[in-house]
Structures are given as structure tokens and as C-alpha cells.
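Quick note on numbering: the sequence shown equals residues -21 to -1, 1 to 261 in mature numbering (1 follows the signal peptide of the UniProt record, and there is no 0).
Since the hints were made in silico from the structure, they are not lab data. One or more hints might be untrue.
Computed cross-link-like contacts, BS3-like style, restricted to lysine-lysine with a CA-CA straight-line distance of at most 25 angstroms [said to hold, decoys possible]:
1) LYS37 to LYS245
2) LYS19 to LYS80
3) LYS80 to LYS60
4) LYS19 to LYS60
5) LYS59 to LYS80
Computed beta-carbon distance windows for the label pairs [what the hints assert, rightly or not]:
6) PRO4 to ASP240: 26 to 32 angstroms
7) GLN172 to PRO3: 33 to 39 angstroms
8) ARG104 to ALA239: 23 to 29 angstroms
9) VAL6 to GLU191: 27 to 33 angstroms
Note that the structure is predicted; figures quoted are calculated from it, not measured. Virtual Cβ for every residue (Gly too), placed ideally from N, Cα, C.
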Amino acid sequence: MVSLKWVVMISCLFAATSALAEDPPIVGIDGHTVTFRATKWTMPGVESLTVWFTANGKTFPVFSADVGADGHSDWLSPDKKTLLLDPVVFGMLSDENQEEKLVSQQHCDVISMETGCVLAERSPRFCLGKWVGNQWFSEDGEVLTPILETQSPKDWLKYISTIKTAQARADSIEGSLDFLSPESYMACHPPTQNVQAYNDLGFYLAEGGKDELALKFYRGVEAVGKRTVLMLNMADSLWRLDRQEEAQRYYREYRDAMSADGKAQKIPQRVIERTAHQGMKN
């Protein structure tokens, strides 16, 4: 039986065997930048640069954790609003004889230099081409006019909610983010317009044991404003991650908000126990 053991490692699509060196930043519209950071990987022979977007004093990874990409200044559109990048994931393919070979999964992704959103995903060959005006023409004859194609969280949830088990729901969400970082996804679909959807995605992830990823979406919602249910969800995830001091702070905020709303009798017992423990510690 053949099994694929993915090790989340990245190398440049066109320079996978070259010496690792940090590329110069690519500067887009309004001075927004994409920068490349050298990273050490555990897989021998695989080298990579992780990719970060910076705008208005905020920096976040373009791709999910441990995923990087290559980029070139001539992949930046003339209006400096759009950039192409080429992430690739490496893994080892093991056959029934336990012999292994290196395999890869590659993309050509379209990045908004206004927001850091990954607008669209194409096959790796799409990155071979040129800009004509602000349209990209690939060597295979495909033409791209940059528009948002990344699915909205509300549409995403319509599918996720049909999955029966908590683990399968969480796995599906995580699998859909193999390349894309939560921060980049939320740059495409701002939390201000998707508060409930992101809270639900976070809850599904936490329910399936993926609290670290859940917190990424919870943080996006938190930036919009404090919400009572959100504080409880964040506290529970932090508690399971053994970040108890931070969790207790959110439990107390949740407890106080519920009490202020006259709902003290609805506070779950675990909240009472965990905040009481903090009180004795103090």
C-alpha cells in the first residue's frame, strides 16, 4: 500500500536547489510590502523562504505556518496592486517496500498588494507569463484579470455544516488552509463583515481539537469588538492549550459580562471553578 507522508516544507518553484538567501522585498501600492524570510527546515535538502505581507504597520504571513514561496519583481503588476507567488509543499512518498521519494504540490497564487489577500489560485505553470497592462497572460494562453475568487466564509460554512462529525469538520477546515494563512483569508473577507461566520469556524475547529487554529479566527473577531460568547470560546481554547493565565482572564471577562447582563445563573460550572482557582492563587 502506498502512503503519502506530507512534511510541510517549502522551496521555490524555479530554484529549489539554489542556495538559501533572503530575496529583497517587493514593494507594492502605497508602500505595502511582501518580504521573504529565511527558515531552517528539518527535511534534508529542502530550503525555503516564508512570505510576509506588511501594510499600515501590521505584518502577517501570506501562507499557512511553515509554508513559503518564491516571488519576483516582474511578477508585480504595473499598477503595483497585484503580485504572483509560487508556494510549493514537499513530502515523502513511501511505497510498500518502504522506499521513499520526494514529491511536491505546487500553486501559482494571486496576491492583492492592497490587503495581503490571496485572491485566486492557479496551476504552477500559470506563473510563467507576463503582464500586459494589468492583466496577466500565461504562456499557456490563460488570461487573468485580478478579482476575488476565494470563497466567502459564509459559503464555506454551508458546506462545513453538512459534515457530520466534529473531527471531520475541523479536518476539513484545516485542510482547506493547507496553503493559505487565516490572516490572509481574513484579509479577503474582513471580520467586520463576517463576525458570526468566523466565530462558527473557530468553534468547529476547537470542537475538533484544533484550538491553535481556532484562536486565529477568534482573534480576528476579537479585533472587531468584545462579545460575550467569544470570550468563553477563547477561554476554553486557551485552557486546553495550557495557557491558563490568559484563559482565566477571558473567563473573568465572560463571567463579569454575564453577571452585568443579569445572567449569572447561566454561567457554566467550569467558568466558576476556573476563576475561583485563580482567586485562591492570588
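Verification of the supplied hints:
1. LYS37 to LYS245: violated, 38 angstroms
2. LYS19 to LYS80: The given pair, whose Cα atoms are some 21 angstroms apart, holds under the 25 angstroms limit.
3. LYS80 to LYS60: violated, 39 angstroms
4. LYS19 to LYS60: violated, 31 angstroms
5. LYS59 to LYS80: At roughly 39 angstroms apart (the allowed maximum being 25 angstroms), LYS80 and LYS59 break the hint.
6. PRO4 to ASP240: 26 to 32 angstroms: violated, 48 angstroms
7. GLN172 to PRO3: 33 to 39 angstroms: holds, 35 angstroms
8. ARG104 to ALA239: 23 to 29 angstroms: Because 58 angstroms falls outside the window, the suggested range is violated.
9. VAL6 to GLU191: 27 to 33 angstroms: holds, 32 angstroms
In summary, the numbered hints that this structure violates are 1, 3, 4, 5, 6, 8.
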